[in-house]
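Chains as they are written, first to last, in my numbering: chain G, 245 to 537; chain D, 390 to 705.
Don't read these hints as lab results, they were simulated from the structure.
Among these hints, one or two may not hold up.
[Claimed, not checked] The calculated lysine to aspartate or glutamate pairs, modelled on EDC-like cross-linking and capped at a C-alpha distance of 16 Å, are: (1) D:Lys487 <-> D:Asp597; (2) D:Lys459 <-> G:Asp418; (3) D:Lys487 <-> G:Glu471; (4) D:Lys487 <-> D:Asp580; (5) D:Lys487 <-> D:Asp430; (6) D:Lys487 <-> D:Asp652; (7) D:Lys487 <-> D:Asp448; (8) D:Lys464 <-> G:Asp346.
[As the list claims (entries may be wrong)] So these bits of chain G aren't anywhere near chain D, every CB distance computed over 12 Å: (9) Val267; (10) Gly332; (11) Gly347; (12) Gly361; (13) Val390; (14) Asn391; (15) Thr398; (16) Val497; (17) Gln518.
Computed from a prediction, not measured in an experiment: that's the story for all the values here.
Beta carbons are placed, not taken as given, at the ideal position from N, Cα and C, and that holds for glycine.
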Amino acid sequence: MMRGLYMAAAGMIAQQRKHDAAVNNIANANTPGYKAVTTTMRTFPEALLHAIRTGDAGRRGPIGRLATGVFAEEYVPLFVQGDLASTGRATDLAILADIRVDGLEFDAAGRAVNANGETVYQPQAFFTVANENGDVRFTRNGQFTVNAAGEWLTPSGMRLLGTNGQPVVTAGIDAADIQVTAAGLLINRRTGEPVIGGDGEPVQILVSVVEQPYNLIREGNGVFVLENPAEARALQPGENVRVMQGYTERSNVDPLQATVDMMTALRMYEANQQVIQTFDRTLDKTVNDIGRL
Amino acid sequence: MTAGSGMAGPGRNLIVNGVESMNHSMITAGVTMNGLQRRLDLIAHNIANLNTTGYKKQDATFDDLLTSIKAQRGKTLPGRLTPPVLPIGSGARLAGLKIDMTAGPLTETGNPLDLALQGDALFEIGVPVVTETADPDGGPQIVYEPAWTRSGAFRLSPSGDEDGTFMLTTPDGYPVLDVFGNPVRVPAVSDVTVDRQGNVWARQPGQDEPALAATLKVVRVTRPDLLEARGDGLYAYPPALMDPAVREALVEELDLNERGPDDAEIAVLPGWLEGSNVDLAAELTELINVQRAYQLSARALQSAHEMMGIANRLRG
Numbered sequence: 245m246m247r248g249l250y251m252a253a254a255g256m257i258a259q260q261r262k263h264d265a266a267v268n269n270i271a272n273a274n275t276p277g278y279k280a281v282t283t284t285m286r287t288f289p290e291a292l293l294h295a296i297r298t299g300d301a302g303r304r305g306p307i308g309r310l311a312t313g314v315f316a317e318e319y320v321p322l323f324v325q326g327d328l329a330s331t332g333r334a335t336d337l338a339i340l341a342d343i344r345v346d347g348l349e350f351d352a353a354g355r356a357v358n359a360n361g362e363t364v365y366q367p368q369a370f371f372t373v374a375n376e377n378g379d380v381r382f383t384r385n386g387q388f389t390v391n392a393a394g395e396w397l398t399p400s401g402m403r404l405l406g407t408n409g410q411p412v413v414t415a416g417i418d419a420a421d422i423q424v425t426a427a428g429l430l431i432n433r434r435t436g437e438p439v440i441g442g443d444g445e446p447v448q449i450l451v452s453v454v455e456q457p458y459n460l461i462r463e464g465n466g467v468f469v470l471e472n473p474a475e476a477r478a479l480q481p482g483e484n485v486r487v488m489q490g491y492t493e494r495s496n497v498d499p500l501q502a503t504v505d506m507m508t509a510l511r512m513y514e515a516n517q518q519v520i521q522t523f524d525r526t527l528d529k530t531v532n533d534i535g536r537l
Numbered sequence: 390m391t392a393g394s395g396m397a398g399p400g401r402n403l404i405v406n407g408v409e410s411m412n413h414s415m416i417t418a419g420v421t422m423n424g425l426q427r428r429l430d431l432i433a434h435n436i437a438n439l440n441t442t443g444y445k446k447q448d449a450t451f452d453d454l455l456t457s458i459k460a461q462r463g464k465t466l467p468g469r470l471t472p473p474v475l476p477i478g479s480g481a482r483l484a485g486l487k488i489d490m491t492a493g494p495l496t497e498t499g500n501p502l503d504l505a506l507q508g509d510a511l512f513e514i515g516v517p518v519v520t521e522t523a524d525p526d527g528g529p530q531i532v533y534e535p536a537w538t539r540s541g542a543f544r545l546s547p548s549g550d551e552d553g554t555f556m557l558t559t560p561d562g563y564p565v566l567d568v569f570g571n572p573v574r575v576p577a578v579s580d581v582t583v584d585r586q587g588n589v590w591a592r593q594p595g596q597d598e599p600a601l602a603a604t605l606k607v608v609r610v611t612r613p614d615l616l617e618a619r620g621d622g623l624y625a626y627p628p629a630l631m632d633p634a635v636r637e638a639l640v641e642e643l644d645l646n647e648r649g650p651d652d653a654e655i656a657v658l659p660g661w662l663e664g665s666n667v668d669l670a671a672e673l674t675e676l677i678n679v680q681r682a683y684q685l686s687a688r689a690l691q692s693a694h695e696m697m698g699i700a701n702r703l704r705g
């Protein structure tokens, strides 16, 4: 009916999504390994407006294009390295990563433009975990606990995987006696020997590198999922990634930014409400006043 | 291990389409405040036990809550970065409650029955449990379930038995167990001392030399991260792991007499007590952090409340 009414309503819904994302960021300002999320807005496809009947002679035909509204298109995670906080616990691990790609200089948001003018994103490193179905997930939350069977579990119970694709198991060793090297190898502090896993090989934690980090979908419980698991590869020696034992990676949420985002969304929501109210009053006049005898 | 079953399209092995709700922000903020409140409770518990002998502080961490993943149908517009789903989070929850078993600071008290442990070891305490099978003498039988503690503030309590012996107990009355799993008993009027190897000596009046009454049971648990707090300074494995057959593999008995009086690693220190391992500075820092996070979430709740008010005032 009145285009503007629906545009304003779409605006309110879009701002609500933005508000939800900002509130979730604030809520997870203390969650280890959490990556802040930004909302991108997008306009609906434009409509071509065409005058069909007008009193003005000669003014017929197309008027021009008009965008018909806005929607919150995507929640984009910000893959910036979080600060490391020292906890001193042997089972707390953090990833300190700054993967270099030849010839590219990544900016603070992990973006670079290559020689062809294409935007390239910095590959990101993750711990690899398996949920109860055995599906592969990726996480930066390294606060593991070791259960009675010696499996390393995330706070939601997913198993940490080793380079052999199997869960990491350190049965019979007190977790405080395990040293994790920067490459993810497990060493028994008392003997100085590598911890041997069920397959007879030294146990090494699998750090996965995802070349296209924006293909990751945030599933919750601290993990990301890839639509195509083949896009993740194992960490190669010499890449600038270190596993830090005794540290956790803090959330990379900036509370000030999140609060400002929240306030902006609220006021934009209110502004759109005013627009709707204006249209309401206009419609009121159209329906009730015009044509009154 | 099977590789992930992958996704044929969005929603294949993800939870898709949570219920669309207007007050999502409010739920997120409310749930998070709940988690932060429980974190505050933990901090308060730790601070309250700043001076409790042998107290081991508890820590917890946060985890972000399961998101609802909305599939976005329709054409994917050019320039889009992420896959065509909108993952909506619901805040954070408290997860991973852990007990920190590091040793606390030692203080000298001079009381011969105040014992501290040096090294990775625990005293074994018996928690009396009345069993169904009756004693041959007609009364119900009492069995002692083991629990462990670092707090060695022991005292002598009358055992109530006809022989008039005294038992070595914790301040709450739980008997300390000897190497045979029985409560440590000493004759009624005796001068009790404990040596560095956990041997309990009782000298009766009129005697020159003390007699060996019992040897304290000192253990090392191989999985201290699995211990749970049982209250009264006692720690034990979860019930499933306390089954005698399973427990055997997870608890190591230490024979201090075999190790000798000069063992540098493990020793009983009579006249000393181990204090709480709570670091007040760290707890207060965390308290400030959690308080500010709580304030921020409350602010977010207010904002969500105002948004709902704006929607309500749309018409009239």
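Those earlier numbered hints the structure runs against, lowest number first: 1, 2, 3, 4, 6, 8, 9, 10, 13, 14, 15, 16, 17
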